[in-house]
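Novice: Given chain D's structure and the hints, the job is docking chain X onto it.
Below are the chains, spelled out letter by letter.
2 protein chains.
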Amino acid sequence: MEQMQSVERWGVFEVTCEGPSEGNPFTEQWIRGTFSGKNETVTADGFYDGDGCYKVRFMPSFEGVYTYQVEAGFLEQPLTGTFQVLPAEERNHGPVRVANTYHFAYEDGTPYYSVGTTCYVWALQSDEQIAETLETLKNNAFNKIRFCIFPKHYDYNLGEPRSYPYEGTPMDSSVLNSENFWQYQGKAEGNDWDLERFHPEHFRHLEWCVEQLRDLGIEADLIVMHPYDRWGFSCMTQEQDDLYWKYVLARFSAYRNVWWSLANEYDLLRSKKVEDWERYAGIICEKDPYGHLRSIHNCGPFYDYSRPWVTHCSIQRQDMYRTAEYTDEWRIRWKKPVVLDEIAYEGNIPHGWGNITAEELVRRFWEAACRGGYAGHGETYLNPENVLWWSHGGKLHGESQKRFRLLHEILQETPGIGLRYDGEHFGEVRAVPEESWAEQPVKDYYLIYYSFMRPSSKDYYFDDTTEFQVKVIDTWNMTVEDRGVMKGKIHIELPGRQYMAVQMKKV
Amino acid sequence: MEQMQSVERWGVFEVTCEGPSEGNPFTEQWIRGTFSGKNETVTADGFYDGDGCYKVRFMPSFEGVYTYQVEAGFLEQPLTGTFQVLPAEERNHGPVRVANTYHFAYEDGTPYYSVGTTCYVWALQSDEQIAETLETLKNNAFNKIRFCIFPKHYDYNLGEPRSYPYEGTPMDSSVLNSENFWQYQGKAEGNDWDLERFHPEHFRHLEWCVEQLRDLGIEADLIVMHPYDRWGFSCMTQEQDDLYWKYVLARFSAYRNVWWSLANEYDLLRSKKVEDWERYAGIICEKDPYGHLRSIHNCGPFYDYSRPWVTHCSIQRQDMYRTAEYTDEWRIRWKKPVVLDEIAYEGNIPHGWGNITAEELVRRFWEAACRGGYAGHGETYLNPENVLWWSHGGKLHGESQKRFRLLHEILQETPGIGLRYDGEHFGEVRAVPEESWAEQPVKDYYLIYYSFMRPSSKDYYFDDTTEFQVKVIDTWNMTVEDRGVMKGKIHIELPGRQYMAVQMKKV
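Protein sequence lines, in the order shown, are assigned to chains D and X.
Residue 1709 in our numbering is what sits at position 339 of the first sequence, and the numbering runs on without skipping anything.
Residue 1442 in our numbering is what sits at position 72 of the second sequence, and the numbering runs on without skipping anything.
Only chain D is shown next, with the shape it has when bound in the complex:
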């Protein structure tokens, strides 16, 4: 007797079968599976993977014995089988969910404090460069990365991707330079694609990338559409769009570390209207049986994040100066987690969104964190290889990334899940655990950030009796100094430098 197939909880269970390769299997065939365990029954669409091969994927949310039944237009009899879902391995905590209204946790309850970065098309570069990106990710604290399924056309991004999502021939890119590339933006002319026939290898490779991230404990914030396009992928017909969305959903939904970003800078996709975005969201809600996180990212005006399908805000700052400092206001506005996926990048390119200092980017991370939200990193340093992390991945040349591990460690010390801004305290950002109720006179935990301010000392008074373990954190120099247990009128000497924080934990 054959041993029963097995998969870990929140792993990918895949059923493969042979089927027709003639005609256009992408549009003419269908396949789907139903997976049943003691606690759930899930129906998921499958997809054509080329060469007569069809697949259906499933992510089990519980342990135990499951059965499946796969049906397809081309199958006379459903395929059936049984498999065992084993306990999750140590580093597997399940998909990330919204927790505590403004925060996130893995499905097993472990808090997830987002430390994101952006590398739009790292996955579409050469094997060597992808390996370098993964190595960089491995050595840093990022636990989310935003990247695109479609290739990207933009300044510093005029080369060909390693593959295309469709069968066909792209326009001749040798005519492009950094002055004329705008003219080709969002136009299909010069390309010759069959937009009803996917190129499975493109997607298989992206899946491999998602798996590599998963194994590094990194969430894959998949940008499904975006405006930086010279191939016409941003201006397909409604039918082509929907076909694409369903294919993406069938392929990627079973990966626990996937988040859906409907678009980068949705408002720059001139041919798409709110009705289109809402239709795509409807397709996700229908076709992703696991409820992965869903959002959409703006360039200028915000999307209406109050829409019920939006699980969290994915924000690009709208002001050059005040950025992460709006986090607490945006929380009040939308009552959802606030993720500041773009608040300018560390770098030195001419573009105003890509040339802030490492200090300022780290400062924005801390401001966001202490106001109950999450900032995102990106790096845009000019370099001899002309490989900018923000787009192509590779190496990091900057300084900000080194400081995120400390922030992440400090966030993990929060009692419960998540911080919130504790009202107005002039000249400081005072955070308390989300659970602290407003009227509670003394909270159990304070994380107080001084941003660009440079106090030489600070005085605090909560009550006469509560004892706090006090630590002084230099968020830039990455030191944590234990000042012992204090109570009553608490006086703390500080170094009069920027970027200091004070942590006070009830003993």
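No lab work stands behind these hints, which were simulated from the structure alone.
All C-beta atoms, glycine included, are put in the ideal place defined by N, C-alpha and C.
Accuracy of the hints is not assured; some may be wrong.
Unchecked claim - Chain X stretches covered by chain D per the calculated footprint, using a threshold of three residues with CB under 8 Å from any CB of chain D: (1) 1649-1655; (2) 1691-1703; (3) 1719-1731; (4) 1790-1799.
Unchecked claim - With a straight-line cut-off of 27 Å between C-alpha atoms, the simulated DSS-like cross-links for lysine-lysine are: (5) D:Lys-1828 <-> X:Lys-1765; (6) X:Lys-1705 <-> X:Lys-1657; (7) X:Lys-1813 <-> X:Lys-1705; (8) X:Lys-1828 <-> D:Lys-1765; (9) D:Lys-1643 <-> D:Lys-1657; (10) X:Lys-1557 <-> X:Lys-1616.
As the list claims (entries may be wrong) - What follows is a list of derived Cβ distance ranges for each label pair: (11) D:Lys-1857 <-> X:Gln-1555: 27 to 33 Å; (12) D:Glu-1851 <-> X:Gly-1560: 40 to 46 Å; (13) D:Gly-1560 <-> X:His-1861: 25 to 31 Å; (14) D:Asn-1547 <-> X:Ile-1702: 36 to 42 Å.
Specialist: Coordinates of chain X only, in the frame set by chain D:
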């Protein structure tokens, strides 16, 4: 025959006479003078200066022969006389006026670009310390200083002033410390003043200070009322207030370098209402015959700067983060010059308004300037002498002040009077001369500031033919690099550092 008395244009001409010293001359006597030249006739109140001495002062606005006639309740016959107004000396440009709606110029037409500082009670310190303050002012680029007529009671300000404005005895200050001083704020208890009997020496000394400033080319932005008070001067009766205002106006109006700041942080003077401020403003408009600049400074909510008596906005920033960056919006709101008298000070004290870096303060000055307004300096470094510039004057310990001369020099190169913000340019602050009309395709002059952004290069295009002299300014390192004459597509390499500016002047 006696030689005719003379005074320079915009100098102080003073008529002195003996009068009664019995009773209360401050309330029971009056004196006023009328001064007539070819182009003006001015009536000004005089004042009692103690010891039976009465004075009337006058600032002539024109050259030539003037006559005067001084009347008083105690004089049976008016005093009359003739004097000669001579041309202004080289450094005397007259009082500062609003010019070009949003800017300032001296009465002789010379543009005045405000580079202000704040030393609330420098004038009430010891002779040695006043001398040190004047020496510091002499060696720096400040051309305006805000300071108080009343003494100040606040953290770092608990000592006694050199003199008091009234006859009487102050409360015992030995009970004060930096924890309990708040309890005495705005209260009269423990003091014993005759609030109808001024102490002329206090005012004579302040006049001497105003004269010293005048001779250094510095405007005296006189703060007439303020809330940081343990003597009851902030909660006098309406009659006492009015008596005080009239005395101040009679004494100081004839000094060309005086500006009226009705209050520092008017909104913290709990016992005063809008009607009171409007009444004081009415007294100024009635009693200051020279129309010196008038404003009022907020702590929290702005005063209604649209009131007709307000000549310019005297703003304290309302946000820890976005400060000078609001300048262009406030100009639109009030259509008056925007002076940011308090946007946080360079320093390291615990207070959030007094611990920003020199870099950030200089950055705010440039932001304000390139958005068509004027920022103000202050310094609050802890130091062994416990003398903080912001309050007591003395030495400067910081770095920001060294950078203001360059800013002032660059501002003086503006064609016409004043800059304005040239609309939205992402990632830069582009200023053009106020005179440039909106539709003018190419302006004659650009001053472009990159703030905390670090572009490695910038490209500009105005038209194919206009030639510009291009200079690259490092506002922090104080260098100006001439890049020669350029036209058409202008490419400028920049060092990828913060705080750079580019100046482009039509050849």
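Novice: Is the Cα-Cα distance between Lys-1813 (chain X) and Lys-1705 (chain X) 27 Å or less?
Specialist: 22 Å, holds
Novice: Do the alpha carbons of Lys-1557 (chain X) and Lys-1616 (chain X) lie within 27 Å of each other, as the hint requires?
Specialist: OK: Lys-1557 (chain X) and Lys-1616 (chain X) at ~23 Å, within 27 Å.
Novice: Between Glu-1851 (chain D) and Gly-1560 (chain X), does the C-beta distance stay in 40 to 46 Å?
Specialist: Once the Cβ atoms are compared, 43 Å apart, the range 40 to 46 Å for Gly-1560 (chain X) and Glu-1851 (chain D) holds.
Novice: Between the segment 1790-1799 of chain X and chain D, are there enough contacts, at least three residues with CB-CB distance under 8 Å, for the coverage claim to hold?
Specialist: holds (count 3)
Novice: Keeping to a limit of 27 Å between CA atoms, is the pair of Lys-1643 (chain D) and Lys-1657 (chain D) held or broken?
Specialist: 21 Å, holds
Novice: CA of Lys-1828 (chain X) to CA of Lys-1765 (chain D), is that 27 Å or under?
Specialist: The given pair, whose Cα atoms are some 25 Å apart, holds under the 27 Å limit.
Novice: Checking C-beta pairs, does the segment 1649-1655 of chain X have three or more residues closer than 8 Å to chain D?
Specialist: It is violated, with 0 qualifying residues against the three required.
Novice: Given a hint of 36 to 42 Å, does the C-beta separation of Asn-1547 (chain D) and Ile-1702 (chain X) actually sit inside it?
Specialist: Since the Cβ atoms of Asn-1547 (chain D) and Ile-1702 (chain X) sit about 40 Å apart, the hinted range of 36 to 42 Å holds.
Novice: For the range 27 to 33 Å, tell me whether the beta carbons of Lys-1857 (chain D) and Gln-1555 (chain X) fit it or not.
Specialist: Holds: the Cβ-Cβ distance is about 28 Å, inside 27 to 33 Å.
Novice: Between Lys-1705 (chain X) and Lys-1657 (chain X), is the straight-line Cα distance small enough, at 27 Å or below?
Specialist: 26 Å, holds
Novice: So is the segment 1719-1731 of chain X in contact with chain D by the C-beta rule, three or more residues under 8 Å, or is the coverage claim wrong?
Specialist: Coverage by chain D holds here, the residue count being 9 at a Cβ distance below 8 Å.
Novice: Has the given pair, Lys-1828 (chain D) with Lys-1765 (chain X), been kept, meaning a C-alpha gap of at most 27 Å?
Specialist: 25 Å, holds
When each numbered hint is compared with the structure, a violation occurs for hint 1 only.
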